[in-house]
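2 protein chains.
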Amino acid sequence: MRTIFYISDGTALTAEAFGRAMLSMFPSQVEHKTLAFIDSITKAEQAAKKINAAYEESGERPVIFHTFVSQDLKNVITATKGADFDFLDYFIEPLSAELNMEAKPITHRTHSIQENGVRDSYDSRIEAVNYSLANDDGSNISDYDQADIILLGVSRTGKTPTSLYLALHYGIKAANYPLTEDDDMENLQLPKPLKLHRHKIFGLTLEAQRLHEIRSKRRDGSRYASMQQCRFELQEVEKMYRREAIPFLDSTRFSVEEIAAKILAETNLERHHY
Amino acid sequence: MRTIFYISDGTALTAEAFGRAMLSMFPSQVEHKTLAFIDSITKAEQAAKKINAAYEESGERPVIFHTFVSQDLKNVITATKGADFDFLDYFIEPLSAELNMEAKPITHRTHSIQENGVRDSYDSRIEAVNYSLANDDGSNISDYDQADIILLGVSRTGKTPTSLYLALHYGIKAANYPLTEDDDMENLQLPKPLKLHRHKIFGLTLEAQRLHEIRSKRRDGSRYASMQQCRFELQEVEKMYRREAIPFLDSTRFSVEEIAAKILAETNLERHHY
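Keeping their order, the protein sequence lines are chains A and B. Read left to right, the first sequence gives residues -1 to 272 (this note's numbering). Read left to right, the second sequence gives residues -1 to 272 (this note's numbering).
Simulated from the structure, these hints should not be mistaken for laboratory data. There may be inaccurate statements among the hints.
If chains are identical, the list can't say which one is meant, so a pair holds when it fits in one copy or spans any two.
[Claimed, not checked] Straight-line Cα separation of at most 30 Å, DSS-like style, residue types lysine-lysine; simulated pairs:
1. LYS260 to LYS79
2. LYS260 to LYS41
3. LYS102 to LYS31
4. LYS190 to LYS237
5. LYS237 to LYS215
6. LYS47 to LYS237
7. LYS79 to LYS47
8. LYS102 to LYS41
Please construct the entire structure, taking both the sequences and the accompanying hints into account.
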């Protein structure tokens, strides 16, 4: 099997994103290897050995996605037997012309703590994570004044991972509130603590079959996990979303990245991080 | 100020990563705008209007980073007055030649739930998030058998955001365990529940000044936040890391992405997600 290398003198997150986007265009089965913080000639030479070894083992030329700032380190990698792709190199000149500005590459700037030169932006992202944790699962409803968004849904519809992703990735203070059997599902109303914050609420829902599968992993054979109960809860909660004009999303076919991006696209919430 | 647009018929996460990496090479002040899920001609035309309006308002040509799969939608965007950069387009031919395979672009594959065609990989990532939440802050020590890694450190050294990032981004089950004053700092030993799992432990530490600032935001003027206490705790915990041969990292100058990538680079933990 062909090996794909993601290599950088920084985190290699950009090389991974670049390579992953490229590979998604091809229906190929490959093995992935990330070599991050390759920030000395010695480390670059070790990386080069790994690349050449992968070629010898599989007989297929490794593919290398890299984003080096240091030209000397890059030269060690491009001298290997792998096929290397360097998107920074290709686009830097046209972008420099467009911005009318010389490039001043600094290692480790993309994912550093000084986002756009501002430490505050990073701190506010960590603050959002702490907020979302403290406001997970309906705790701390007194803090909803500070929420950027409040995710609503029945148990196991993806509220928690979505809140954490919104906080970690975008610096958004995302609370989440669960609808439970105590909420009188047969006559479901918007819970009182949420009424004042209606404009911040976003609903999540799922297909009944998927919810049944997820809940069955938790409590197999329970009423809670039964197809009938899942179908009933989802039907009632969607009715309420419509009645209360709460925007909502069926997350069955979406990853947490997609759910978060869709919520941002629908709500025009401001990203605190790029 | 110049506006940078990140546009895609999917999440636009790749366009953001691509553009952000390119812009990090230039010391420029810009405004960022993401237009995600531009998946119809109507939406593409609305996006085109926004791009042209940004040009008219600022007098500076907007820069567009885009990753469209649909050629028709892309044409609407490239016909605007913005300067557009399309890295997929440029690299697709050489990669196709290298892989000896035709590209079969499918919208929304990069960040979809079918990571590399495998739903299980996505589910295990969500499972890792649930694990890390349940094992935050020393709770649930009975589950440490399942941990991929256990982060250790005194209060407020970044254990929680790092665990969550490892889980969300890489599908790694990351528990975290806090060292507190109850642990008898003057004679600090590796806590008993951790002794069996010593090989999974990774320590976090900070500079005393930074820890003092962070703790002061929580409890200003307390003994807990005092420079003296912060210095003492960090000194004792670092002594213990060295004595017990626990790998550790001073996270003062690093973002959560960098900390996570450094931990992976040092421990050779397997990523469950690319």
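LYS260 and LYS79: within-copy, between-copy, both or neither at 30 Å Cα: Between copies only: 27 Å across, 41 Å inside.
Intra- versus inter-copy proximity for LYS41 and LYS102 (alpha-carbon distance at most 30 Å): within (24 Å within a copy, 36 Å between copies)
Same-copy or cross-copy closeness of LYS260 to LYS41 [CA-CA at most 30 Å]: between (40 Å within a copy, 14 Å between copies)
Intra- versus inter-subunit Cα pairing at 30 Å for LYS237 with LYS215: Classified as within: same-chain Cα gap 27 Å, cross-chain 43 Å, threshold 30 Å.
Up to 30 Å CA-CA - LYS31 versus LYS102, copy category: Answer is both; intra-copy 29 Å and inter-copy 23 Å each pass.
Same-copy or cross-copy closeness of LYS47 to LYS237 [CA-CA at most 30 Å]: So LYS47 and LYS237 fail the 30 Å test inside a copy (60 Å) and across (36 Å) alike.
30 Å Cα threshold - placement of LYS47 relative to LYS79: The answer is within: 10 Å in one copy meets 30 Å, while 47 Å across copies does not.
Alpha-carbon proximity between LYS190 and LYS237, which holds within one copy, between copies, both or neither at 30 Å: Within one copy only: 17 Å inside a chain, 51 Å across chains, cut-off 30 Å.
Comparing the model with each earlier hint shows a violation of hint 6 alone; every other hint is respected.
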